[in-house]
Amino acid sequence: MPTGSEGKLVKADTLKDMYRVFAYEPLTREDFGYYVKRESPRENFRLGLLCGGERYLLAGHSGCGKSTELIRLSDELKDDFFVVYFSVEGELDIDDLQCEDVLVAIGLKIFKEAKRLEEDGSIEKLNTDIIDDFYEFLSDVTEIKVEERIKEKGVGAKLTYLLSFSGWLKSESRTRVEMRRKLEHRLSDLIERIDNLVYEAEIKTKKPVLVIVDDLEKIPRIDAAKKLFYEDIGVLLQIKPRMIYTIPISLVLDPIFAQIKSRFDDDQTLPNIKIKDREGTSLTGGKEFFENFVNNRIGNKQLIEGEALDFAIEMSGGVLGQFVNIIRNSSIYALQDGDDCIKKRHIELYVHKERRSFDRFLSYGDIEFLKVIRDNKDARDGNTLLMLLHSLSILEYQNDNNWFDVNPIIVPLLEK
Amino acid sequence: MIDANDLLDVESELGRIVTELEVSKDTGDVIIAVCDDFSLRKLITDEIVGRTGYTRYDIHLDEKNKNLPKILSEEKDEILDSIVFVHGIEKAEPEIYRYLNFQRDIFYKLKQRVVLWCYSGFVRNLLKYAADFWRFKGNTYEFDLKEARELPVVQYMLSKEISYRDIDELNSRIKIFEYLLKEVKSDREKADILLKTGIFYYLKSDLDKAEEMCRKSLAINEALGRKEGVASGYGNLGNVYQIRGDLDKAEELYRKSLAIEKKLGRREGIANQCGNLGNVYLIRDDLDIAEELYRKSLLINEDIGRKEGAASDYSNLGNVYRIRGDLAKAEEMYRKSLELFILIGSENMIKKLNFLITDLKQSGRMTTQELLQPVTVCRQCDPDLQHSRSYLDAVSAFNQRRLAGKKEQ
Numbered sequence: 001m002p003t004g005s006e007g008k009l010v011k012a013d014t015l016k017d018m019y020r021v022f023a024y025e026p027l028t029r030e031d032f033g034y035y036v037k038r039e040s041p042r043e044n045f046r047l048g049l050l051c052g053g054e055r056y057l058l059a060g061h062s063g064c065g066k067s068t069e070l071i072r073l074s075d076e077l078k079d080d081f082f083v084v085y086f087s088v089e090g091e092l093d094i095d096d097l098q099c100e101d102v103l104v105a106i107g108l109k110i111f112k113e114a115k116r117l118e119e120d121g122s123i124e125k126l127n128t129d130i131i132d133d134f135y136e137f138l139s140d141v142t143e144i145k146v147e148e149r150i151k152e153k154g155v156g157a158k159l160t161y162l163l164s165f166s167g168w169l170k171s172e173s174r175t176r177v178e179m180r181r182k183l184e185h186r187l188s189d190l191i192e193r194i195d196n197l198v199y200e201a202e203i204k205t206k207k208p209v210l211v212i213v214d215d216l217e218k219i220p221r222i223d224a225a226k227k228l229f230y231e232d233i234g235v236l237l238q239i240k241p242r243m244i245y246t247i248p249i250s251l252v253l254d255p256i257f258a259q260i261k262s263r264f265d266d267d268q269t270l271p272n273i274k275i276k277d278r279e280g281t282s283l284t285g286g287k288e289f290f291e292n293f294v295n296n297r298i299g300n301k302q303l304i305e306g307e308a309l310d311f312a313i314e315m316s317g318g319v320l321g322q323f324v325n326i327i328r329n330s331s332i333y334a335l336q337d338g339d340d341c342i343k344k345r346h347i348e349l350y351v352h353k354e355r356r357s358f359d360r361f362l363s364y365g366d367i368e369f370l371k372v373i374r375d376n377k378d379a380r381d382g383n384t385l386l387m388l389l390h391s392l393s394i395l396e397y398q399n400d401n402n403w404f405d406v407n408p409i410i411v412p413l414l415e416k
Numbered sequence: 001m002i003d004a005n006d007l008l009d010v011e012s013e014l015g016r017i018v019t020e021l022e023v024s025k026d027t028g029d030v031i032i033a034v035c036d037d038f039s040l041r042k043l044i045t046d047e048i049v050g051r052t053g054y055t056r057y058d059i060h061l062d063e064k065n066k067n068l069p070k071i072l073s074e075e076k077d078e079i080l081d082s083i084v085f086v087h088g089i090e091k092a093e094p095e096i097y098r099y100l101n102f103q104r105d106i107f108y109k110l111k112q113r114v115v116l117w118c119y120s121g122f123v124r125n126l127l128k129y130a131a132d133f134w135r136f137k138g139n140t141y142e143f144d145l146k147e148a149r150e151l152p153v154v155q156y157m158l159s160k161e162i163s164y165r166d167i168d169e170l171n172s173r174i175k176i177f178e179y180l181l182k183e184v185k186s187d188r189e190k191a192d193i194l195l196k197t198g199i200f201y202y203l204k205s206d207l208d209k210a211e212e213m214c215r216k217s218l219a220i221n222e223a224l225g226r227k228e229g230v231a232s233g234y235g236n237l238g239n240v241y242q243i244r245g246d247l248d249k250a251e252e253l254y255r256k257s258l259a260i261e262k263k264l265g266r267r268e269g270i271a272n273q274c275g276n277l278g279n280v281y282l283i284r285d286d287l288d289i290a291e292e293l294y295r296k297s298l299l300i301n302e303d304i305g306r307k308e309g310a311a312s313d314y315s316n317l318g319n320v321y322r323i324r325g326d327l328a329k330a331e332e333m334y335r336k337s338l339e340l341f342i343l344i345g346s347e348n349m350i351k352k353l354n355f356l357i358t359d360l361k362q363s364g365r366m367t368t369q370e371l372l373q374p375v376t377v378c379r380q381c382d383p384d385l386q387h388s389r390s391y392l393d394a395v396s397a398f399n400q401r402r403l404a405g406k407k408e409q
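Chains Z and D are the protein sequences, given in the same order.
Everything in the first sequence is counted per this note's numbering, starting at 1 for the first residue and increasing by one.
Everything in the second sequence is counted per this note's numbering, starting at 1 for the first residue and increasing by one.
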């Protein structure tokens, strides 16, 4: 997210700025000025953790704003916890993700963050036996020896090895396969190493460690997500630190979820912004949220026509990420047309393109299922529901009761 | 698991060590025998004594008795015609290097034949910290098993999921735990780390230390009312007593653990303790109860999808049937176990089960005593660094040796 040279927030004055300012990425501490207050379970988590809670799940549609809320939570808790936040999308290969990868990534991230504090003098030197032991263990389970990859010699080589390891884990499928094969019977050994790092981080920072694992809901294949959360969650919860995991909303609606949630202190869903109620009546609160969202990011209020903004809000279905993508990509169509602002037809062009993508993967059966959702605003369990939620074809909303609707981008496909 | 190539190496080294001890009868000698596998140490010691025909004299070093040259000189009359086997050198570190280096002349004077059992890291340190002694000593013999250590099939305890390369790694992990124990503030964390340390001492065969750590952990968990921790503490203490051969005490502790696991509804814990109790009854040769307990464990493990636990249960049931002489059923059980280990991809266990099936076909029925023989022998010795492995590992080692012997014949 662009910020000014003195850390001041950049607001868009041109369409080019708009493309940059409406980036599909979470807000970091530097650009919290863009943040618009919303309904969020953040406070529940904060209070729970401060009262001694240990394990939390955050669900929500992909792009609903979970990462921003978690980064804000990290910032709010930084005085009370040694917060280790990371995105599995950034650290791992999300198309090929298993529980062993997540655990190793957690260990590496704790090490990196603690090392960073050691290097800037915020904490005393980390215990070298623990670091060496972690290095030896990873070297053993991957059979990647330090001398094969790192040119440096001596103690520095091991540190560089550990700092480079997540890159190898993300990019080298062979390394992952070998590591998983060996870790299958050595998970408790891995957990011991992670816990040692956690203990050491807590000793040196004098704060409990809180690990936030974000973007797990972005696992593209629902079967892979199910394996991770239904079969391997017990392993993921064996490590010592306090944890927040994100989870795909589709899994939360699966009946099996009841068994999983009992292992957590709390599970919350970050709801989509409600722009309509169940009967289809527009809600002013939702519309205002998006208007504020845009106003916080643009200096030149003429960059988007009112009619275009209204249509963009409607087409977003209340999903923040979808809204950001609509504005960002429509600005390109406006630039191509030589216009100086986004007009409704630019939004329509983008929405049409998106609709074609959905049209390619939705089966006739899916279309029939979506028609029932459109008419009844309700759905029960079933694989079709889970799959369509996972692909954002169906969106969930929370009022007094949960209800569902079809992603507005898709709706015209149901009339074909 | 010991494989055939390892055994050939072991046999060659054994032949040389016996020769050296025979030729040094009147001159004395200090032989360094390197072996990280404690049950193999025991087997080799027995073999040396058997082959040379000399009596043995065992010296066990510990934290209070570290000065080996002094101990030797004090006991010289008793050990005149014996071969002295020194155990527990790890417990005498680091002072032992100084004693060996500066009092090496005592070895000259005594003209005694001494076999110093040590781990591979000790040799490196000896070179570094006792160079004069190093040059003075006799030959070094290495009894090296290349396989990484893996958890025994039959031991149901946390340690069954712990793998380690060698005793150096065990020592460095214990060192980390001891550092953490000094630093952590919370009693709950202390209890967890103490239990882990206890398990590692158990793996090191330092049963006294293992017991001490488990008891400390147990006391804290009891004070905190942490029932899961108490159950684990009893289970691990039970393992310590089982290895010591105190089966009644082991059973009592396993039953205490089981009662808590039942109250907590922790099915994995219930399966573990049923398996542990099964082992106790198997060792007592009470096969019906052993089978009943293994089957209870199996039922739970299958129900909760714990393949590794079920694989162990099948293997244990195979042992029960083998002792009864129902070889077809024994093979069926071993094969079920093998299938599960293949599914899990546990290479060492696959090798182990393959060996058991081959051995079953070659040797047929075994009595409980035969099946447990190496362990029984181990238990007659001092409870020092000799008993780290499960009886099945010991049985495997014993049978491998027997098979190797048959090949030679």
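Hints were generated in silico from the structure; no laboratory data involved.
Don't take each hint at face value.
[What the hints assert, rightly or not] Residues from chain Z shown here face chain D by an in silico Cβ test under 7 Å; the list is partial:
#: 1; residue: I130
#: 2; residue: W168
#: 3; residue: E348
[Unchecked claim] EDC-like, lysine to aspartate or glutamate: derived pairs with alpha carbons at most 16 Å apart:
#: 4; chain 1: D; residue 1: K296; chain 2: D; residue 2: E339
#: 5; chain 1: Z; residue 1: K170; chain 2: Z; residue 2: D95
#: 6; chain 1: Z; residue 1: K206; chain 2: D; residue 2: E183
#: 7; chain 1: D; residue 1: K175; chain 2: Z; residue 2: D129
#: 8; chain 1: Z; residue 1: K240; chain 2: D; residue 2: E189
#: 9; chain 1: Z; residue 1: K182; chain 2: D; residue 2: E211
#: 10; chain 1: D; residue 1: K109; chain 2: D; residue 2: D58
#: 11; chain 1: Z; residue 1: K218; chain 2: Z; residue 2: E89
#: 12; chain 1: D; residue 1: K249; chain 2: D; residue 2: E211
#: 13; chain 1: Z; residue 1: K125; chain 2: D; residue 2: E183
#: 14; chain 1: D; residue 1: K64; chain 2: D; residue 2: E20
#: 15; chain 1: Z; residue 1: K207; chain 2: Z; residue 2: E89
#: 16; chain 1: Z; residue 1: K206; chain 2: D; residue 2: E347
#: 17; chain 1: D; residue 1: K227; chain 2: D; residue 2: E183
#: 18; chain 1: D; residue 1: K175; chain 2: Z; residue 2: E89
#: 19; chain 1: D; residue 1: K307; chain 2: Z; residue 2: E415
#: 20; chain 1: Z; residue 1: K287; chain 2: Z; residue 2: D267
#: 21; chain 1: Z; residue 1: K182; chain 2: D; residue 2: E347
#: 22; chain 1: D; residue 1: K137; chain 2: D; residue 2: E20
#: 23; chain 1: D; residue 1: K182; chain 2: Z; residue 2: D129
#: 24; chain 1: Z; residue 1: K158; chain 2: Z; residue 2: E172
#: 25; chain 1: Z; residue 1: K371; chain 2: Z; residue 2: E415
#: 26; chain 1: Z; residue 1: K207; chain 2: D; residue 2: E189
#: 27; chain 1: D; residue 1: K307; chain 2: Z; residue 2: D79
Cβ atoms here follow ideal geometry from the backbone N, Cα and C, with glycine treated the same way.
Evaluated hints:
Taking 7 Å as the C-beta cut-off, the interface hint given for Z:I130 holds, the closest approach to chain D being about 6 Å. Hint status for Z:W168 relative to chain D: violated, with the closest Cβ pair at about 22 Å, above 7 Å. Of the supplied interface hints, the one on Z:E348 is violated, with its beta-carbon coming no nearer than about 51 Å to a beta-carbon of chain D, more than 7 Å. For the hint linking D:K296 to D:E339, the alpha-carbon distance of about 20 Å lies beyond 16 Å, and the restraint is violated.
A hinted pair counts as satisfied when its Cα atoms are at most 16 Å apart, and Z:K170 with Z:D95 qualifies at roughly 10 Å. In summary, the hint linking Z:K206 to D:E183 is supported, as the alpha carbons are separated by about 11 Å, within the 16 Å threshold. With a CA separation close to 8 Å, the supplied pair D:K175 and Z:D129 stays within the 16 Å bound. With a C-alpha separation of about 10 Å, the suggested pair Z:K240 and D:E189 falls inside the 16 Å cut-off, and the hint holds.
With a C-alpha separation of about 31 Å, the suggested pair Z:K182 and D:E211 falls outside the 16 Å cut-off, and the hint is violated. Restraint check: the Cα-Cα separation between D:K109 and D:D58 comes to about 20 Å, which exceeds 16 Å; the hinted pair is violated. Between the alpha carbons of Z:K218 and Z:E89 the distance comes to roughly 8 Å, so the proposed pair stays at or under 16 Å and holds. For the given pair, D:K249 sits about 13 Å from D:E211 by alpha-carbon distance, which is consistent with the 16 Å threshold.
Between the alpha carbons of Z:K125 and D:E183 the distance comes to roughly 14 Å, so the proposed pair stays at or under 16 Å and holds. With a C-alpha separation of about 31 Å, the suggested pair D:K64 and D:E20 falls outside the 16 Å cut-off, and the hint is violated. Between Z:K207 and Z:E89 the alpha-carbon distance is near 27 Å, which puts this suggested pair outside the 16 Å criterion. With a C-alpha separation of about 42 Å, the suggested pairing of Z:K206 with D:E347 is violated against the 16 Å cut-off.
Taking the CA atoms of D:K227 and D:E183, the gap is near 24 Å; set against the 16 Å cutoff, the hint is violated. Restraint check for D:K175 and Z:E89: not satisfied, since their Cα atoms lie roughly 36 Å apart, outside the 16 Å limit. Distance restraint check for D:K307 and Z:E415: the Cα-Cα separation of roughly 51 Å exceeds the 16 Å cut-off, and the hinted pair is therefore not satisfied. Of the supplied pair hints, the one linking Z:K287 and Z:D267 is violated, its CA atoms being roughly 27 Å apart against a limit of 16 Å.
A hinted pair counts as satisfied when its Cα atoms are at most 16 Å apart, and Z:K182 with D:E347 qualifies at roughly 10 Å. Our distance criterion of 16 Å between C-alpha atoms is met by D:K137 and D:E20, whose separation comes to about 12 Å. A hinted pair counts as satisfied when its Cα atoms are at most 16 Å apart, and D:K182 with Z:D129 qualifies at roughly 15 Å. Annotation: proposed proximity of Z:K158 to Z:E172 is violated, straight-line Cα distance about 19 Å (limit 16 Å).
The suggested pairing of Z:K371 with Z:E415 holds, with an alpha-carbon distance near 9 Å, which does not exceed 16 Å. In summary, the hint linking Z:K207 to D:E189 is supported, as the alpha carbons are separated by about 14 Å, within the 16 Å threshold. This hinted pair does not check out: D:K307 and Z:D79 have alpha carbons roughly 43 Å apart, beyond 16 Å.
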